[in-house]
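The residues making up each chain are set out below.
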Amino acid sequence: MLSRVADNLYWMARFMERAENLARLLQASNELLLDGATFGSRSFNDYWDPVLTATAMEDQFRTLYPSGTVADVGYFMTLHEGNPDSITMCLRLARENARTVRDQISDEMWTELNDLYLFITAPDTLSYFQRSPQSIYDRIINGSLLFHGITDATMARTEGWQFIQLGKHLERADKTSRFLDIRVHSAQSGHSLDSIQWASILRSASAFGTYRQEVGGEPVAEGVIDLLVFSTVFPRSIRYCVQCIDINLHAISGSSPGTYSNAAERLAGRLLATLNFGGSSEVLDRGLQEYMDDIQQVLNNIGQCIFETYVLLPQDAQSVTFVPSTEPQQLRWKELQAQQQQQQ
Amino acid sequence: MFAGNGEVRAHYQLLRERLDTMSKEELDQKIRSLETLFLRQGITFTVYGDQRGTERVFPFDPIPRIIPADEWQTIEDGLVQRITALNLFLYDVYHEQKILKDKVIPEEVILSAAHYRPEFRDTDVPRDIYIHICGTDLIRDRDGSYLVLEDNGRCPSGVSYVLENRMAMKRVFPHLFDSAGVRSVDSYAADLLGTLQYIAPHAKPDPVCVLLTPGHYNSAYFEHSFLARQMGIEIVEGRDLIVVGGHVYMRTTRGLQQVDVIYRRLDDDFLDPKVFRKDSMLGVPGLVSAVQAGNVALANAIGTGVADDKVTYAYVEKMIKYYLDQDPILKQVPTYLAWDEKDRGYILEHLPELVVKAANESGGYGMLIGPRASKAEIETFRGLILANPRNYIAQPVVYFSRHPTLTDGTVEGRHIDLRPFVLSGERTHILPGGLTRVALKKGSIVVNSSQGGGSKDTWVLHQS
Numbered sequence: 001m002l003s004r005v006a007d008n009l010y011w012m013a014r015f016m017e018r019a020e021n022l023a024r025l026l027q028a029s030n031e032l033l034l035d036g037a038t039f040g041s042r043s044f045n046d047y048w049d050p051v052l053t054a055t056a057m058e059d060q061f062r063t064l065y066p067s068g069t070v071a072d073v074g075y076f077m078t079l080h081e082g083n084p085d086s087i088t089m090c091l092r093l094a095r096e097n098a099r100t101v102r103d104q105i106s107d108e109m110w111t112e113l114n115d116l117y118l119f120i121t122a123p124d125t126l127s128y129f130q131r132s133p134q135s136i137y138d139r140i141i142n143g144s145l146l147f148h149g150i151t152d153a154t155m156a157r158t159e160g161w162q163f164i165q166l167g168k169h170l171e172r173a174d175k176t177s178r179f180l181d182i183r184v185h186s187a188q189s190g191h192s193l194d195s196i197q198w199a200s201i202l203r204s205a206s207a208f209g210t211y212r213q214e215v216g217g218e219p220v221a222e223g224v225i226d227l228l229v230f231s232t233v234f235p236r237s238i239r240y241c242v243q244c245i246d247i248n249l250h251a252i253s254g255s256s257p258g259t260y261s262n263a264a265e266r267l268a269g270r271l272l273a274t275l276n277f278g279g280s281s282e283v284l285d286r287g288l289q290e291y292m293d294d295i296q297q298v299l300n301n302i303g304q305c306i307f308e309t310y311v312l313l314p315q316d317a318q319s320v321t322f323v324p325s326t327e328p329q330q331l332r333w334k335e336l337q338a339q340q341q342q343q344q
Numbered sequence: 345m346f347a348g349n350g351e352v353r354a355h356y357q358l359l360r361e362r363l364d365t366m367s368k369e370e371l372d373q374k375i376r377s378l379e380t381l382f383l384r385q386g387i388t389f390t391v392y393g394d395q396r397g398t399e400r401v402f403p404f405d406p407i408p409r410i411i412p413a414d415e416w417q418t419i420e421d422g423l424v425q426r427i428t429a430l431n432l433f434l435y436d437v438y439h440e441q442k443i444l445k446d447k448v449i450p451e452e453v454i455l456s457a458a459h460y461r462p463e464f465r466d467t468d469v470p471r472d473i474y475i476h477i478c479g480t481d482l483i484r485d486r487d488g489s490y491l492v493l494e495d496n497g498r499c500p501s502g503v504s505y506v507l508e509n510r511m512a513m514k515r516v517f518p519h520l521f522d523s524a525g526v527r528s529v530d531s532y533a534a535d536l537l538g539t540l541q542y543i544a545p546h547a548k549p550d551p552v553c554v555l556l557t558p559g560h561y562n563s564a565y566f567e568h569s570f571l572a573r574q575m576g577i578e579i580v581e582g583r584d585l586i587v588v589g590g591h592v593y594m595r596t597t598r599g600l601q602q603v604d605v606i607y608r609r610l611d612d613d614f615l616d617p618k619v620f621r622k623d624s625m626l627g628v629p630g631l632v633s634a635v636q637a638g639n640v641a642l643a644n645a646i647g648t649g650v651a652d653d654k655v656t657y658a659y660v661e662k663m664i665k666y667y668l669d670q671d672p673i674l675k676q677v678p679t680y681l682a683w684d685e686k687d688r689g690y691i692l693e694h695l696p697e698l699v700v701k702a703a704n705e706s707g708g709y710g711m712l713i714g715p716r717a718s719k720a721e722i723e724t725f726r727g728l729i730l731a732n733p734r735n736y737i738a739q740p741v742v743y744f745s746r747h748p749t750l751t752d753g754t755v756e757g758r759h760i761d762l763r764p765f766v767l768s769g770e771r772t773h774i775l776p777g778g779l780t781r782v783a784l785k786k787g788s789i790v791v792n793s794s795q796g797g798g799s800k801d802t803w804v805l806h807q808s
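One line per chain: the protein sequences are A and B, in this order.
Note that the first sequence ends on residue 344 in the working numbering; no numbers are left out.
Note that the second sequence ends on residue 808 in the working numbering; no numbers are left out.
Rather than coming from a laboratory, the hints here were simulated on the basis of the structure.
From a predicted model like this one, the values you see are computed outputs, not experimental measurements.
Be aware that a few hints might be false.
Stated by the list, open to error - Distance condition first, Cα-Cα at most 25 Å in a straight line; then the derived SDA-like pairs of lysine to any residue: (1) B:Lys-374 - A:Glu-108; (2) B:Lys-665 - B:Val-677; (3) B:Lys-514 - A:Asp-103; (4) B:Lys-618 - A:Leu-312.
To be verified - Here chain A is said to cover these stretches of chain B; the calculated rule only asks that three of the stretch's residues, wherever they fall, bring their Cβ under 8 Å from a Cβ of chain A: (5) 378-388; (6) 569-580; (7) 592-601.
All C-beta atoms, glycine included, are put in the ideal place defined by N, C-alpha and C.
Based on the sequences and whatever the hints tell you, model everything.
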């Protein structure tokens, strides 16, 4: 597959997943704010600053809104076109990427993504947002879930599909780690986390229901960390996502599980091993923030290595491999399938 | 749709009856669902000169244009004859130039054409075919005969609308098709792919074909990705290709893969910054040398623009006679050439009655419609013609037939033309129908999408 196309598919999935996670974060945060009683006299800054910090949008926000209010944050993170990381801009980028590779994705995938984009850019969206932000977030979350579901149900498991999964899982793992970060920032401002805030983190990752089933009781640090970082069954846990990344990378390169053929595979394998043999007590001993920072760093590096291995266009032709033009596409397909079956 | 006496022509009778059974509300609702369908699927073109890169839906009129089988047969025969002559002409002007030596066409007309590429003289192209994909614009005259308005032998666009219009019509107005006997347009992508494979260098089996696009900001990007998807080939941008050792490769996740045939939707000027425009970021450095070495084939070939130059157009009837010794089946519009002194005199005296066109413009730009032009506009063109006579031609105002078209809930006549698509490979394929463009503005004869035109589904009927 064309390097540029692989890159477009990867970013299409990343931006879609990013929009969904932002929507869920804002939805959970709005709900938390409604439980305002528990905050007592805490100021706006105590509440929203961690959200802006963890999503790395703080500076941008302060520039645009020197004296920001709650409503400003919501608009800024959701619809503002001057904020390159707003949900609207994520969806625009997801769609731009999809538009350049329309021949590679199914019609149904395109239509759903395009619908979502037309929805968020429609002229009446602002007034709708002011009346009912939560329903905007619902629509975005559902749209993204639908998009991923359609992808699963309509797209052949080719190399392109693997790149989409890579983008999705890398973004998902990164966002889950940042949700944990957010309340760490809150805690640093002198308040310990209570169960309501842990519950909000779980909601941001769509994990509250699973927590009750798998862990049970009031949300507490150990339980939340075990679920969101180390669970092997919850699809948004960091370990689960890294496991998928590991599988996707091997499916693309064709190297055997447990070995590596490029830097991305090596980093992913090592991170997976750390998570396979880690646990919440280790995280709390070391400090949640530090632990999450490390994970985010490795995830970034994996992304960079994927780019260097598969996308970065070789400028001098001597250093590249030539694909024999007689290589039957069909054969590669079968190999991929066989690997997938082995891994599942 | 109507004969001269106001009666519904026989092949429209069934459509008329079915349209009559629909209420205005029902029709309105169906139109809206069509527009939503196009918007949702992103069947749009980009409007240039708009900073946000606004995408618009190409306006679509749901009343189909119908062409009976015998009428279509004449068009088809005429188009096959015409493309055959044009390809022989291109071979000739890029080899012996017999037609110029025999003074059938004045040498200076061809050698001065903006799109003539003298550096490609004596370069062979696979199978001696130059124009593989042609979009020939036709109009229907007062007496019902079809005239050729122009040949688009460089990168004609619009075929995706033909296919999407049909798909949309089937979905929204299925009952109109029932037993109407409409010929399918489904085979286009397969025929196009077959044409591309046929011109592979050295008749290589299973050649790798790609579609080269200027990128997703191009107004026709939807069409490029649509066709690539339909054919199951890669759509590439210039930066995806690299020339190594005289061969063209695409950069893939597994390394470089050789490319054999390029369906390019990029004008000659932008193909290769080493040879043509130096500032082109869209092309592939070294591509032209790979073509000249015979290692990769282009569709259409480089230099076909000399055949769709509007001055060359004036000589196509003579070409048909010269190469094929046949009379042209499709007539064309009488054309006055400003470079010819006698014609120029006539043009300058009759500007208010004539349509003046620049020889190398398309999309309805660079054109003067005498009867509608102001005095100042006429004088501007007089100056332009005198300054550069080679670049202008003039034609009498031609009659564009009108077709019932839905406008704000009522049906009115609007001017239409027809662009059939011709594929020349192992044999010549002509897509039954083509793109019927309609000038949606009352009285207008400009059908280009960039200037307020829309389109209709075109039905060619089976022989009954």
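Tested hints:
no.	hint	result
1	B:Lys-374 - A:Glu-108	holds (22 Å)
2	B:Lys-665 - B:Val-677	holds (17 Å)
3	B:Lys-514 - A:Asp-103	holds (23 Å)
4	B:Lys-618 - A:Leu-312	holds (24 Å)
5	378-388	holds (count 4)
6	569-580	holds (count 7)
7	592-601	holds (count 9)
Going through the hint list in order, the structure satisfies each hint without exception.
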